[in-house]
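Asker: Each chain, written out:
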Amino acid sequence: MANGSSPDDALAVSMPAALAEIPVLAERIEAFCDSHDIGPGVAHAINLSLDELLTNIVSYGFDDPAGHTIDVRLEKAADAVTVVLSDDARPFDPFSAPDPDTDAALEDRPIGGLGVFLVRELMDGVEYRRVDGRNVVTLNKRIGTETDATE
Amino acid sequence: MEIVRDRADEIEIVAVEGRVDSTNANEVEETLVPLLDAGGGTVLVDLENLAYISSAGLRTLLVAAKKSKASGTRLALSGLQPGVKEVFEISGFSKLFDIYDGRPAALASLS
Chain A
1 MANGSSPDDA LAVSMPAALA EIPVLAERIE AFCDSHDIGP GVAHAINLSL
51 DELLTNIVSY GFDDPAGHTI DVRLEKAADA VTVVLSDDAR PFDPFSAPDP
101 DTDAALEDRP IGGLGVFLVR ELMDGVEYRR VDGRNVVTLN KRIGTETDAT
151 E
Chain B
1 MEIVRDRADE IEIVAVEGRV DSTNANEVEE TLVPLLDAGG GTVLVDLENL
51 AYISSAGLRT LLVAAKKSKA SGTRLALSGL QPGVKEVFEI SGFSKLFDIY
101 DGRPAALASL S
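Top line first, the protein sequences correspond to chains A and B.
For the first sequence, the numbering used here begins at 1 and goes up steadily by one.
For the second sequence, the numbering used here begins at 1 and goes up steadily by one.
Please note that a few of the clues may not be correct.
Claimed, not checked - Simulated crosslink set (SDA-like; lysine to any residue; CA at most 20 Å straight-line): (1) B:Lys95 - A:Thr82; (2) B:Lys67 - A:Asp99; (3) B:Lys95 - A:Glu107; (4) B:Lys67 - A:Glu121; (5) B:Lys66 - A:Ala89; (6) B:Lys67 - A:Pro110; (7) B:Lys66 - A:Gly39; (8) B:Lys85 - A:Gly39; (9) B:Lys69 - A:Gly39; (10) B:Lys95 - A:Gly39; (11) B:Lys66 - A:Glu121; (12) B:Lys69 - B:Gly41; (13) B:Lys66 - A:Thr102; (14) B:Lys95 - A:Pro94; (15) B:Lys67 - A:Gly113; (16) B:Lys85 - A:Pro40; (17) B:Lys85 - A:Ser86; (18) B:Lys67 - A:Pro40; (19) B:Lys95 - A:Asp108; (20) B:Lys66 - B:Ser94; (21) B:Lys69 - B:Gln81; (22) B:Lys85 - A:Glu121; (23) B:Lys66 - A:Asp103; (24) B:Lys95 - A:Ile111; (25) B:Lys95 - A:Pro40; (26) B:Lys66 - A:Gly112; (27) B:Lys66 - A:Pro40; (28) B:Lys85 - A:Thr102; (29) B:Lys69 - A:Glu121; (30) B:Lys95 - A:Leu106; (31) B:Lys69 - A:Ala104; (32) B:Lys69 - A:Gly112; (33) B:Lys69 - A:Ile111; (34) B:Lys85 - A:Pro100.
Stated by the list, open to error - In silico contact screen, one side only, chain B against chain A (beta carbon under 8 Å); selected entries: (35) Met1; (36) Asn26; (37) Val63.
Hints are computed from structural coordinates only; laboratory data are not their basis.
Idealized CB from N, CA, C, for every residue including glycine.
When you get a sec, could you build the whole thing from the sequences and use the hints?
Answerer: Here it is as structure tokens:
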């Protein structure tokens with residue numbers, strides 16, 4: 001993974017479009033959160049959201065992901081963390097899919113379709129834009145209140 | 001990710017440890033499906049040392065739950081950690097599974 005130049009409160013990573021790179025990115029984000037007073041609940045929410053979105057981009061966004069990179073930028077402000085993902089995969093708005101029915105009985109639950117729903121639920125804000133031929137997803141997660149932690 | 005198999009009385013125990021994501025969820029499925037397809041009996045999936053699960057892992061567990069229902073094999077989970085528990089609650093999976101605090105409580109109840 002290449003390092004971008006970043007100020008103290010930001011982490012910029014240009015990641016090869018490969019599934020095996022997702023846990024590598026997750027470790028860097030955990031380290032960033034640890035050293036920036038961002039709690040484990042928020043770190044988990046960010047990492048899971050990135051995992052879901054990156055897995056979709058790598059798995060379905062390209063005819064062949066080899067040689068493509070995905071830019072991930074994390075920025076910590078006083079009250080929130082903002083994450084921006086930018087890729088040159090085919091145009092796709094991940095938030096266009098309807099939410100699954102989480103009250104359905106076992107036999108009626110479809111296999112799959114939960115990933116982006118988790119992102120929506122775990123984040124406080126999500127946005128998709130198509131900019132200059134790239135998919136740009138922006139995630140926002142509030143910090144500073146323990147209610148955002150998983151326990 | 002590691003899968004550790006064990007057996008207590010008639011209960012098949014599958015401990016899934018570490019991280020389950022899209023790179024390895026199929027290994028969990030390949031372990032669970034034959035146990036569930038066998039029919040009858042009880043399978044306990046112990047998640048005490050599972051730190052992380054993504055939707056790929058949830059998908060696998062949903063496949064397992066459907067198999068369990070179809071074959072009449074009892075399926076239970078135990079030891080969900082905070083991050084995993086949160087994901088279960090958001091996705092409605094808490095309502096779909098028989099979940100115990102830890103392995104001892106599960107074995108006591110399932111035996």
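Asker: Going straight from one Cα to the other, do lysine 69 of chain B and alanine 104 of chain A come out at no more than 20 Å?
Answerer: Given that 20 Å is the threshold and the Cα spacing comes to 15 Å, the pair holds.
Asker: Take a quick look at whether lysine 66 of chain B and glutamate 121 of chain A sit within 20 Å of each other, Cα to Cα.
Answerer: violated (25 Å)
Asker: Within a Cα-Cα threshold of 20 Å, do lysine 95 of chain B and proline 94 of chain A meet the stated pairing?
Answerer: Given pair lysine 95 of chain B, proline 94 of chain A is violated - Cα atoms ~26 Å apart, limit 20 Å.
Asker: Is it true that the CA of lysine 67 of chain B sits at most 20 Å from the CA of glycine 113 of chain A?
Answerer: Answer holds: lysine 67 of chain B to glycine 113 of chain A is near 19 Å, not above 20 Å.
Asker: Run the distance test for lysine 67 of chain B versus proline 110 of chain A: straight-line Cα separation, threshold 20 Å.
Answerer: holds (13 Å)
Asker: Would you mind confirming whether the straight-line C-alpha gap from lysine 85 of chain B to threonine 102 of chain A stays at or under 20 Å?
Answerer: holds (15 Å)
Asker: Hey, does the methionine 1 of chain B contact hint survive, CB to chain A under 8 Å?
Answerer: violated (10 Å)
Asker: Check the hint pairing lysine 95 of chain B with threonine 82 of chain A against an upper bound of 20 Å on the C-alpha distance.
Answerer: Since the Cα atoms of lysine 95 of chain B and threonine 82 of chain A sit roughly 32 Å apart, the hinted pair is violated (cutoff 20 Å).
Asker: Is lysine 85 of chain B within 20 Å of glutamate 121 of chain A, Cα to Cα?
Answerer: holds (14 Å)
Asker: Take the C-alpha atoms of lysine 85 of chain B and serine 86 of chain A, compute the straight-line distance between them, and say whether it is at most 20 Å.
Answerer: violated (30 Å)
Asker: Is the Cα-Cα distance between lysine 95 of chain B and isoleucine 111 of chain A 20 Å or less?
Answerer: holds (16 Å)
Asker: Checking one constraint from the list: CA of lysine 66 of chain B to CA of glycine 39 of chain A, max 20 Å. Satisfied?
Answerer: Given that 20 Å is the threshold and the Cα spacing comes to 36 Å, the pair is violated.
When each numbered hint is compared with the structure, violations occur for hints 1, 2, 4, 5, 7, 9, 10, 11, 14, 17, 18, 21, 25, 27, 29, 35, 36.
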